[in-house]
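Q: Sequence:
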Amino acid sequence: MAVTHDVSPQLDDLAVTAHRIRQSIESVIEGKSDVVRLTLTVLLAEGHLLIEDVPGVGKTMLAKALARSIDCPVRRVQFTPDLLPSDITGVSAYNQQTREFEFKPGPIFANIVVGDEINRASPKTQSALLECMEEHQVTVDGTTYKLDTPFMVIATQNPIEMEGTYPLPEAQRDRFTARIAMGYPAPTAELEMLDVHGGTSPLDKLEPVATTAEIQALIQAVRAIYVSQGIKKYAIDLVTATRNSPDLRLGASPRATLQLVRAARAHAALAGRDYVIPDDLQELCVPVLAHRLLPSVEAQGQRRLPEQVMTDLIRRVPVPEAQAK
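Counting along the sequence shown from 1, when you hit position 180 you're at 180 in full-length UniProt numbering, and nothing is skipped either side.
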């Protein structure tokens, strides 16, 4: 059995703040507690979230609810086919008075950036996010500008079968820590939505329940969560299994391994633990890894989705024995 440590005061603060944010979001998003929990996990793991589902199920509402629950700069970008990379990163404009070029920051210079319908923009515009999401910086005209912390991109996209969409390339999908689907609400939740949200938008009533400084402190607490060598090896085994699976022609990258462990730290912290267990990895494997995987031709013929393949691999990969910390 693993030796449990007393939960630190930092984790106590994390639990209180996370509970406030969850309550705030769930006042808008009915009956989706698992989705809200994963969204917070990605935020505390310093990652980015991709929300994919059919129109009208609350993708943008979830992103806006999180953004409004935190007292920090938030910008929203509506992705369209005519959107340019400079519309996101910013542009150098000539100042007639000073006779010099001045950099005009784009919407990417915010703590939380909501990208609505990201796959309606061209691949060239989508690629403007690559450096921002990976290195937390923007390079324009040879000058590099650092982004503030926390920095999170929450992007929504419609299924690629929808008309007028551009599938995200592998390099872009790999930047997102996790992908989630909202799914249709339960009938009871939908009925409550009609009662509560029928007249006005619930977003209008949301007030910030956490500050930027609090989120920064929580991120620092998550970084201190203990990950044993056995757990690290288990994460590598899970990712390696995707690379060796005959059902997949593209497995998960080393970046995926790193983000899986980071997300597991945040998942453990939200559960009140200062250490990661195998269950944390298992619960996160599908949302963190599946969107990075490409099925083989045979798997496509059998209509086996990457999520199904990942679920099978979780069952096959041996779970490490419990170790004392």
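Honestly, the hints are just simulated from the structure, not real lab data. Only a predicted model underlies this, so the values are computations on that prediction, with no experimental measurement involved. Mixed in with the good hints there might be a few duds.
Think about it this way: if two alpha-carbon atoms lie no more than 25 Å apart in a straight line, the pair counts; the simulated SDA-like pairs of lysine to any residue are [to be verified]:
id : residue 1 : residue 2
1  : Lys233    : Lys146
2  : Lys205    : Leu84
3  : Lys232    : Gly272
4  : Lys146    : Asn158
5  : Lys146    : Lys205
Derived DEER-like restraints, expressed as beta-carbon distance ranges [what the hints assert, rightly or not]:
id : residue 1 : residue 2 : range
6  : Phe103    : Asp237    : 41 to 47 Å
7  : Ala181    : Pro208    : 41 to 47 Å
8  : Phe101    : Gly31     : 48 to 54 Å
9  : Gln302    : Glu207    : 47 to 53 Å
10 : Arg173    : Gln220    : 26 to 32 Å
11 : Gln216    : Val297    : 44 to 50 Å
12 : Glu207    : Asp148    : 18 to 24 Å
13 : Thr149    : Phe103    : 17 to 23 Å
14 : Gln10     : Asp34     : 21 to 27 Å
15 : Thr143    : Pro169    : 36 to 42 Å
Just so it is clear, CB atoms sit at the ideal spot from N, CA and C, and this is done for glycine as well.
Q: Under the constraints set out in the numbered hints, which ones does this structure not fulfil?
A: Per hint list: 1, 2, 4, 5, 7 and 15 violated.
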